[in-house]
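Trainee: Given next are the chains, with one letter for each unit.
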Amino acid sequence: MRYAIFMSALGISAVLAACGAEPQEPQFGANPQLPKPSRGLLPTMNIPEPTGWDGQMPTVPDGFTISAIATDLKIPRQTLILPNGDILVAEGRGGNAPALKPKDVIAAYIKGKGTTNVESGNRITLLRDADGDGEYEFRSVFAEDLNAPYGLAFVNGRIYVANQDAVVWFDYEEGQTEAAAKPTQLTELPSEINHHWTKAMTASADGRHLYVGIGSNSNITERGWTAEADRAVVWEIDAESGARRTYATGLRNPTALTIQPGTGQLWAVVNERDEIGPDLVPDYLTSVKEGAFYGWPYAFWGPNPDERVRPQDPQKVAATIAPDYALGSHVAALGVAFSNEAMGESFAEGVFVGMHGSWNRSSPVGYKVVFVPFSDGVPAGEPVEFVAGFLESGNNKTRGRPVGVTVDPRGALIVADDLSNAVWRIVRADVAQNLDAAANESSGR
Amino acid sequence: MAVIVQYRYSEAIHPLHAVLLSGSFALYLGALLSDIAYAKTFHIQWSNFASWLIVGGLIFSSIALVFAIADLCRAHRRVSGVAAYVVLLVASWAVGLFNALMHARDAWAMMPGGLILSIAGTILIALATWLGFRTPHFVGSAQ
Chain V
1 MRYAIFMSAL GISAVLAACG AEPQEPQFGA NPQLPKPSRG LLPTMNIPEP TGWDGQMPTV
61 PDGFTISAIA TDLKIPRQTL ILPNGDILVA EGRGGNAPAL KPKDVIAAYI KGKGTTNVES
121 GNRITLLRDA DGDGEYEFRS VFAEDLNAPY GLAFVNGRIY VANQDAVVWF DYEEGQTEAA
181 AKPTQLTELP SEINHHWTKA MTASADGRHL YVGIGSNSNI TERGWTAEAD RAVVWEIDAE
241 SGARRTYATG LRNPTALTIQ PGTGQLWAVV NERDEIGPDL VPDYLTSVKE GAFYGWPYAF
301 WGPNPDERVR PQDPQKVAAT IAPDYALGSH VAALGVAFSN EAMGESFAEG VFVGMHGSWN
361 RSSPVGYKVV FVPFSDGVPA GEPVEFVAGF LESGNNKTRG RPVGVTVDPR GALIVADDLS
421 NAVWRIVRAD VAQNLDAAAN ESSGR
Chain R
1 MAVIVQYRYS EAIHPLHAVL LSGSFALYLG ALLSDIAYAK TFHIQWSNFA SWLIVGGLIF
61 SSIALVFAIA DLCRAHRRVS GVAAYVVLLV ASWAVGLFNA LMHARDAWAM MPGGLILSIA
121 GTILIALATW LGFRTPHFVG SAQ
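Protein chains in written order, with this note's numbering: chain V, 1 to 445; chain R, 1 to 143.
Bound conformation, chain R alone (with noise of 0.2 Å):
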């Protein structure tokens, strides 16, 4: 009976794009924290740190998309998952960029917009930042 070897594992995402995908959950998570912080005291610093981590997020996720679309284009890297991934991702640029609009309104003209929009541009970043990990890339044949 003769063996058939198939080569088949799994491959990560570029390290790169890891990098840059679980950085833009850290700063998301971040700025939700300053956001709260700065609802607690009403201290003005917090929003600032939010203002610039929702930006630092906003730039990470965009590289972050690039690796994402990059990775739909290319055939044996489009598994499935990793559509919603890429939908999840856009999903939580376009509240980031959102959210940074609402944070640059001066003092508590931000709020509460800007806190509900970081609760929500963090839960998207983090299940984007789940499926983009999970998410499989098989090389060779599955069969």
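So here's chain V without its partners, still in its complex pose (with noise of 0.2 Å):
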């Protein structure tokens, strides 16, 4: 529903509804159209109520189907694929950001309607399909007592955890379904306020390092400079020691990053800024490069500047680099996972992207999973809608909120939803039957 109950209650609905006229205009690729920034009296907010599923499932593409392989989970954010097939999934809900403003109280109450009254889980809970059948019909906590666990790496025997307030890692053994010990923190990360708290991370390719993101504190600087500090940064952490780099700047909240297969790049998806538009600023992939500066706060999509932050700084505006990928304003990406062979032809060759949905827009966008087609190693094409039916657009109702994606490597796409507390499976339906039919076998003989 549009939740316009205190601005009409103000009487002043109408200024609203003036904002209501929106493009259609597909906003994706290396040049998206970027139209002026424009705000009314009220920021446009349209939170989709959240609904059960009552039997429906999300759908998609042909030859693929879906299940949910565990739910009743406690905000799962993203999940990490172990050597042996089992899920990890980093369970919680960080940030503690205090009400600075009016403004903050109403907003929180608002945004708070379209997600989970679930309480925050801070753990790790681990699935395992232990007979190949594709049900996950095994599943232990692995780590409990976590900070907001949200991105997880897999190097060197270890797994590394990013809390929202430090990385931890724990030894692991092939087949453990708990960890041993507590956890050992490897580095402390920027935790005041985390008004952006997720720390997405992943690992190089030859485990040296750790690449983290961490997310401003702020929308647009308006919790002030000092808060910013070491924030809208991704870190390059040394898996071994902790000592850390800064290793990219002005990506206002790097969601979640991925390595490029064979090219050992980073790549991320990035939250651009709100509140200047339905269509700015696109949300975005791109390959993350060595000491760039993408913008935020100063600057957008290259140098346009952002009027909204002072003291302006020029030279930040025209150093600003455009990202590569526009995914679309306000989707709110908050997963990516390169796809492989394993996935079926028309899906082997680019990445997914797990969009969790909109609020600061009239028309709900996000609320799906899309696949990015990628050729040469670089994003080429539409993205292609992968996994939807989690919006209702009509009744404006939301049964899911898609957040990470991994790609499993025997060909299937994992995806949580930490709106309906669950993890989905999506795999080419001919690899579904032949793994019943194996597991049939297997459990026959």
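Hints are computed from structural coordinates only; laboratory data are not their basis.
Hints are not guaranteed to be accurate.
To be verified - Straight-line C-alpha distance at most 30 Å; calculated DSSO-like pairs for lysine-lysine:
1. V:K36 to R:K40
2. V:K289 to V:K36
3. V:K36 to V:K103
4. V:K103 to V:K397
5. V:K397 to V:K74
6. V:K182 to V:K74
7. R:K40 to V:K74
8. V:K36 to V:K74
9. V:K316 to R:K40
To be verified - Rough simulated footprint, nothing fancy, chain V against chain R, three-plus residues with beta-carbon under 8 Å:
10. 14-20
11. 48-58
12. 93-106
From the three backbone atoms N, C-alpha and C, an ideal C-beta is built for every residue, glycine too.
Put the two chains together into one complex; each comes in its own frame, and the hints tell you how they fit.
Mentor: So, in structure tokens, the structure goes:
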């Protein structure tokens, strides 16, 4: 539903209606249309109301099937697939940003309407499909008492977890279902306020480094400059010593990181700024270039200055580089994963992107998983809808909200859904049948 | 010669009404000064102060407005000038509301509109306060 309650109570809903006309221009690719920044007296807010699945399922392309491999989780965000096929699920909710202005109190209430009211799990759950039939019949709590875990990586025989305030690691031996000991801290992460608390993480191909995304502490500096020290950056952390350096800057909220197979290049999805219009600023997918400045807060999508930032810095505006590929404004990309040939010919080369869905737009966008095709290692072409059916656009309700995506090397996409508190698995129908047959055969023997 | 003594005196506005009315002026003035400080320093905390001061002013002046409308409805307190007072108070309230929404914009997006509305709101509430206190409320017959 349209959250115009307090707005119409003030008798000025007409102001809001005036902002309702939004162009449906597709906004993706390397050169997205960037309209002029605009904002009504009230920010446009539309939070689709959460609703149950009631036997419905998300929709997937022909030739694929989808199933929920885990439900009743405690806010699943990101997943990791271990070498033996076990899936780790990071669960939790972070952030401790205080309300600074009257607006924060109202906005937090409205945005809260679109999220789960399940308590933060602060744990990692392990899912196992021992017989390979596609059903994850075994489930255990791998680790608990974590602090809003989000980013996960497995290298050097260790499971690294990016809590909202630190990177920690567990020793791991294949087949383990529970961590043997409390985690060891590798390094602290900036966590004051944590307006954007999700610490995305991935490991370099050689396992030497961890890359951690640290989101900004505000939409556009409205929590002050001091809060933005070491924010809106990607850190490169030595996986052994914990020593770190800043790898790239100006990335407002890098919510998921991944390494491109073959090239070893770091890629990210980044959520861009709000409240300057329904079609600004596009969230993006980009290769993260070492030392590059991506604009936040001074500029967006190349040297387009953001007038809301004072003091301005023309040099930083000029230094801003444009990211690789626009995913659309306000889609809230929170997951990214490179595909592989096991996903079938049409989805073999490219990335899957999980889109949590918009709030700052009268017609909701996102609320799905898309596939961005690549060619010669770079994005090429329009995004293809891969998992949808979360949003009931007719009555403005949503059944789920996708977050992290992971590609199982054996040919499945794993999608965490932090609204219906489920993990979805999408697999090619022919693969699923073969697996089923094989599993039946082995159990019959 | 018969002397007829007529009791005639002015009655001040209700003490609570008075406090809320003058308090609104102080709150709006505080918001204006905070806006000026933000504009001069770009220090965001000043704009946070302004946002809350405006909300305070809105709450105070809303209750003062209830008193003012009550005065307007009671014949013995309805004297010349009270209508103008109510109109100014309503105007300051409306400007304050728009100002509160303007101040809900992030960072410098509230400028210059927020500063202009703070100036307008402060002037209006100052005039309303002046009229509100100045307007005599006669009790008894004025003949």
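Trainee: Against this structure, judge whether each hint is valid.
Mentor: Evaluated hints:
Between K36 (chain V) and K40 (chain R), the direct Cα distance comes to roughly 27 Å. Compliance with the 30 Å bound is thereby established for this hinted pair. Only pairs whose Cα atoms come within 30 Å are accepted, and K289 (chain V) paired with K36 (chain V) is accepted, the gap being roughly 28 Å. About 24 Å separates the Cα atoms of K36 (chain V) and K103 (chain V), which keeps this hinted pair within 30 Å; it holds. Our distance criterion of 30 Å between C-alpha atoms is met by K103 (chain V) and K397 (chain V), whose separation comes to about 24 Å.
Distance restraint check for K397 (chain V) and K74 (chain V): the Cα-Cα separation of roughly 21 Å lies within the 30 Å cut-off, and the hinted pair is therefore satisfied. With a C-alpha separation of about 20 Å, the suggested pair K182 (chain V) and K74 (chain V) falls inside the 30 Å cut-off, and the hint holds. Proposed proximity of K40 (chain R) and K74 (chain V) is contradicted: the alpha carbons are some 47 Å apart, above 30 Å. The suggested pairing of K36 (chain V) with K74 (chain V) is violated, with an alpha-carbon distance near 40 Å, which exceeds 30 Å.
At most 30 Å may separate the alpha-carbon atoms for a hinted pair to count; K316 (chain V) and K40 (chain R) meet this at roughly 22 Å. Only residues whose C-beta sits within less than 8 Å of a C-beta in chain V count toward coverage, and the segment 14-20 of chain R has 0 of them, not enough to reach three; the restraint is violated. By the rule of at least three residues with a Cβ nearer than 8 Å to a Cβ of chain V, the coverage given for the segment 48-58 of chain R holds, with 4 such residues. Coverage of the segment 93-106 of chain R by chain V holds [criterion: at least 3 residues with CB-CB distance below 8 Å; count 9].
Hints 7, 8 and 10, counting from the list given before, are not met by this structure.
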